[in-house]
Structures are given as C-alpha cells and as structure tokens.
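*Asks:* Protein chains in written order, with the numbering used here: chain P, 1 to 306; chain H, 1 to 224.
Some clues are possibly wrong.
[What the hints assert, rightly or not] Covered stretches of chain H (in silico footprint by chain P; criterion: 3 or more residues with CB under 8 Å from a CB of chain P, positions within the stretch not fixed):
| hint | stretch |
| --- | --- |
| 1 | 30-39 |
| 2 | 43-50 |
[What the hints assert, rightly or not] Derived lysine-lysine pairs resembling DSS-like cross-links, with alpha carbons at most 27 Å apart:
| hint | chain 1 | residue 1 | chain 2 | residue 2 |
| --- | --- | --- | --- | --- |
| 3 | P | Lys265 | H | Lys221 |
| 4 | H | Lys158 | H | Lys126 |
| 5 | H | Lys126 | P | Lys265 |
| 6 | P | Lys246 | P | Lys217 |
By construction, these hints were calculated from the structure, which means they are not laboratory data. Glycine included, each C-beta is placed from N, C-alpha and C at the ideal position.
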Amino acid sequence: MNGGGETHHFRRLVAIWLVLAVVLDVVYYFVVGPHVPPGTLTSTASGAQFDFNVLFLIAFPVVLAVWVYWAYALIVWRGSRAGAVEPEGGAKARGHLGIQIGWITTTTVIVIGVFIFGTVELVVPAGAGGGEGPDPIWTPTSHNVLPIQVIGQQWQFTYRYPTFGGFETRQLMLPADTTVAFHVTSLDVIHSFWAYQLGVKADANPSEDNVAYTTTKQPGAFTVRCSELCGLWHGAMYNFGRIEPKAQFFVWAQSTERQNAANTKDLPPFAYTYVPDANGANGAYYPDNVDPYSKVETYGATSPGK
Amino acid sequence: MGRGRRLALVGALLAVAVGLVVFTTMAFLRSSPPSVDFTAGHQAGTPVDLTLQTVGSVGFGPHPTWVSYLTQAPNGQWVHTTLWDLPAYTRINVTVHQYDSGSPLRNQQYGQVIGTIGGDATLNGKTFRVINANNGNGVAHTFAIPTLGIEVPLYANKPSPNLCAAAPCPTNSPHNIVSFSFRTPGPGQYPWQCFIPCGLGYLYGNGGPMQTVGYMGGFLKVVA
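Isolated chain H, as found in the complex:
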C-alpha cells in the first residue's frame, strides 16, 4: 500500500473515531427520561389524575440504589420518569404512594402544605396542612413546584426491613397515600422537585438523585 493510501486510511479511521466520540457525547448529553403524556384525548374542563410513587431505592437502571419518583402512565404502567405533558388551566389531582422512610426536616418550613387547591392535602384520607417532622415518622420527601408556589410534604413510613426497595412497589408494601390538587397555569415548562435532601451518601444529601432529572425532580410541560 502506497504512502498516500495509508495516509487516507489513517485519516478515514481517525474521522470515524472522532465521529463516534462526538455521536456518543451528543447522545449522552441529549439523553432524557421519557415524558408521560396526559394531554392525549383530554377534554377541556375535566381534571387529570396524576399518580406517582416514591421509593427509597429504584432497584434497576444505572443507579439502582438511588431514591426516585415514578409516574403511572394513563395506561396504568409505571414509568421511571419525572417529565409530564399536562394540559393548561386544568385541575390536576395528584396521588402519591409514598414507600420511603424519612426523618426530621432540615427546615421545618417544608412541613407545610402550600399552594394546593384548598390549601391542604390528605394523608391516608385524613386532611392535613402541616406535618411536624420532629414527631412520628418524619417526612420522606416533598412534592414542590416552586414557580407555582406549591409544596406538599410526604409523610414517611416507619423504618423497617419490609419497606419496598425496588420499584415499582406493590400496593401491599407499607406506604402512605398523599393526595392533593392544583391547577396548571398557561403553557410553559415548570420545574418541580423534592426539597428534602434525600440523596443518600451525597454532600448535604442534595447530590445524586436530587440533581438528576428522572429521579427526584423533573418538569411539567404544560401545553395549550
């Protein structure tokens, strides 16, 4: 093989290698959990039911030990995501199946229910406005949409070896059911997140799953 052909071959191989690196990098940067669509077939004026679960360790994927939210799609299937397409100006009835344990809060301010319809929520069917995280089982997580002024504490389960440790959790595992409602605003993208530092093993508990979309935070994509 002549010198020119060898150079061309090396150049082509180099180009392929660079292309693969760029493709892989871009694929990684652009990767995102799926978005569950609650707008398909939605009739204006009717509420949307949004069912979630929180689990202490998701049990699969690249970070099986991470705490996470999961979303129940309209077809009943549990999806590991925190991205939702929701209709604008619509009442959203949220039900959270809370399977995780908890603790006292770093800031008891997050023990308050704020911004929901009626200013309250229900815990296992009982209405509440505040959870004193220093009593009982404490608070495991919160559901918060800061830009909409919404914040709901999720009462924790008593620590026990029987707690569900792999999602999706069956309903016969110990859990609490927290329900509340809010109204979506106009179209836009609104971040939501847990405000409890529940990233086990990370600095101040706010790393890992607390800083990864798909685990303890995500976006409401509100569409017209």
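For reference, chain P alone in the conformation it holds in the complex:
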C-alpha cells in the first residue's frame, strides 16, 4: 500500500465518520435529549439530564470511530476482494507516529475533559442533589429555602414540615419554583432517600442530618424509593409525591396541618435527628435500659441546636 493510498483511505474514513457522528449527535440532541431521565422537574434533575446528554454526545463519535473503522476494514480490506494487497511487514508495520500522537492526544483530552466536567457537575448546582451531611459545603444561592425532613424507618419514609407546625405525613408534596432543603435521617437502620425524578439522593442514617438541596421548576409527579437494602420489605419501601403550584401547595400544607393537629401535638418537638434507642418502643434492644412501659420515655428527640 503506498502513501497516496493510505491518505485516500484516511480521508475517506474521516469523512464517513464525521458525517455519521454529526448526524447522530444532532438527532440525539434534538430528538432524544429532551426526554432523557430523570427529566426536568428540578434544577438537579435538569443537571443530571444535561450530564447524560453531554456524555452521550461525546461517546457517540468515539463509538462510531471504532465501528466505522471496523466496517471499513471488513469491506475494503478483506482478503477475498479482487486486487487486495497483502499486508506488509517490516518497518511499515511498526506504527504511524502521527496516528499514535493523534490517538493519545485525543483520548487524553477526552478523559481529562470528562474528569473536569464530571467533577464540576458533581457539586453544581448546590451539591447536585446529593446528600452533603449536616454541614453542607455547596449551598443554594436562594435565601428562601423550604426545609422538609425526610424520616426513614423500616419500611417507610415519612416527612415533617417544620415551617407548618411540624406536622408529619407520608405524602411528599413540594411547591413549584422553590428551593427545598431535604433533611434526611433515620430512626433505625440505614436507608437511602432516592427521589429519582427530582434528581435527589441522600443516605438516611440514624442520628445523622444529611442535607440535600434542589430547586423545583414545574408541577409533576415523582417516586421516592429506598435505595439501600434495609430488610424484607425494602422492595415495598416507596411512595409517590407531587410538585404543585405554590398556591395549591399552601392550601394542601395548611389543610394537612389542621387535619393532623391532633397527632402533631403528640409528636416530639421537631429536631434534625432523633434518638431511636430512647423511645421505649417494642424490641427490647435499647442500650439505655429503658423500661418499655415507662410513661416517662418518649421519642428521645434532641433540640435542633442550629
């Protein structure tokens, strides 16, 4: 194979690859991209969708480069083809400096670029919906944040709204266009609060206040699942939630506060964490030697201290 032939093949390969890559990326971006999960219900969900789309747009040309070369070689350089040239050994088989430099440079740029992109996207916006522990580093810019406590217990999530009298419910309702701070904790074993369509995921650890932020955008439904294997009924530990327009949310919150008033007064004072071993509940596995029938012991809540 002479130098002119190699140049011809190289240009043809690049041309085929470039056309296919541009077509595939454009089609993906406009047709598939807007529908990629987890959707656009919140800022963090939109961020995750953007990340997936960027990774796909980078990956398609790379995959196509391999597939196009593979198909081209099978068709053009197959041994049975009339006039096929036998492979040459010797010095020409040792490699091509230009291709080697191009390959190493391209892959290095892609890997380092994805590394930087991924690292930035892990923390933007405001922790990217991940649990940041009790003292978050990446906080939202909004000064008007709605706190909602997520309480994991075998095998159900419940939610407390401290700004609405501290009522507790099994239904997670959120107002649209609002920055929300989820304070995630557990009353027993480790759970994980995963609101997929919200782009929020935070571990629920006993005696820990794990904070995750998101900003809701438009109304819609979402699912909450436990994503930490927590026992027999782990698979049934899910419920559904909704983002409602602000006015409807306030109607719901105020009516729920009224409806639950009788039970709310029996709840412990709101705290960011609770002490599951000081409530005297059944089970007799509590290291503080609580009399399970004592009327003194209650929920064991500690003051927020914040």
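Dock chain H against chain P, hints included.
*Replies:* What follows is chain H alone, placed relative to chain P:
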C-alpha cells in the same frame, strides 16, 4: 466388585445426595404459609369479613416465642398465616382481636388512622382517629397496607402475666377489639405489615417476625 461398578455406585450415590440437597433447598425456598381464600362463593357487592388476632408469642411452630398475626378462615378456624385471597373492588370489614401488650411508638405518626373508609376505626366499639402512644397502654402493633395508604394502630393491653401467650387466644383472655373497613383495589398483590418494631430481641425490633411472612407481614392477593 469391579472398578467400573464401584465408580458407577459412587456416582449414583453422589447424584442422589446432590438431588436431596437441591430438593431440600428448593422446598425450603418455596415454602410459604397457606393462603386463606375469601373469594370462594363471594357475591359481588357484598362485603367480606376479615377477622385477625395478634398474639405476643405464637406458642407453636419453629418460632414459638415470636409475635404473630393469625387469620380466621371463613369456616371459623384460626390459621397461622398472613396471606389472603380477597375479591377486587370489595369492602373488607376487618376485626382485629389484639392480645399483645405494647409501648410508646418510635414514631407517633403511626398512631394515626389513615386510609380506612371514613378515615377512622373503632376501639372496643368507640370510634377513634389517633392513639397517643405515650399515654395509656401504648400501641402494640399496626395494620398497614402502604401501597393503599392504609394504617391503623392497634391499642395495647396493659402488661400482665394473664396475657395470652399461645395462639389461638381464647376470647376470655384480656384483649382489645379494633375494627375498621377498607376497599380492595383492582387485582394484584399488595404487601401489608405491622410497622411497630415488635421483633423482641432483634436489632431495632425489626428482625425475626417483622421480616418473616406469616408472622407480622404478608400479602393481600386481590383477584378479579
């Protein structure tokens, strides 16, 4: 006996041993409490009466000290199971004979009645919507079907040596009667369970009977 026959014999014995191990393992994995059928002879539009009892220690079987639910079959016999076949789109009138003692709740949220017809239940004939578990005898167990949004706390008995400790409990043992109704949805399998950590001696009280079908949780098999 020749070498070939000895090898064949050893091979056959090995095959039998492996077969027995596989059979036993599969039998264990596939074992399940019986399901009580409330659909046989059911006429559409008529309610189904479901009677249960909760007992602090079941008193028999492989785990006699475990807390458990029991189900009364349509023929009146008590069955140690938490699996029921129920007709779809039907009112289920539930009566629970609660024989166990209790305590304050880990989460008082479970002291609320939620999702029943009328949003309430009756305790010994008296209507209630909330039980403050920090007062009185506390709450022993709950009856909850999370996927249907149903939750009913079962008021506890005062701790006493006279409490029934072996099922099925006679009605002259101290107990509370909690009644409520709900409607079954369309066909499907819906898990139900107790949400009170009542697995005595297990981590956070949620092991053992709390994680074993047939004791403190099971399934509603709703059929068309």
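*Asks:* Now look at each hint and say whether the structure bears it out.
*Replies:* Hints and how they fare:
{"no.": "1", "hint": "30-39", "in the structure": "violated (count 0)"}
{"no.": "2", "hint": "43-50", "in the structure": "violated (count 0)"}
{"no.": "3", "hint": "Lys265(P) / Lys221(H)", "in the structure": "violated, 37 Å"}
{"no.": "4", "hint": "Lys158(H) / Lys126(H)", "in the structure": "holds, 18 Å"}
{"no.": "5", "hint": "Lys126(H) / Lys265(P)", "in the structure": "holds, 22 Å"}
{"no.": "6", "hint": "Lys246(P) / Lys217(P)", "in the structure": "holds, 11 Å"}
Of the numbered hints given earlier, the model fails hints 1, 2 and 3; all others are met.
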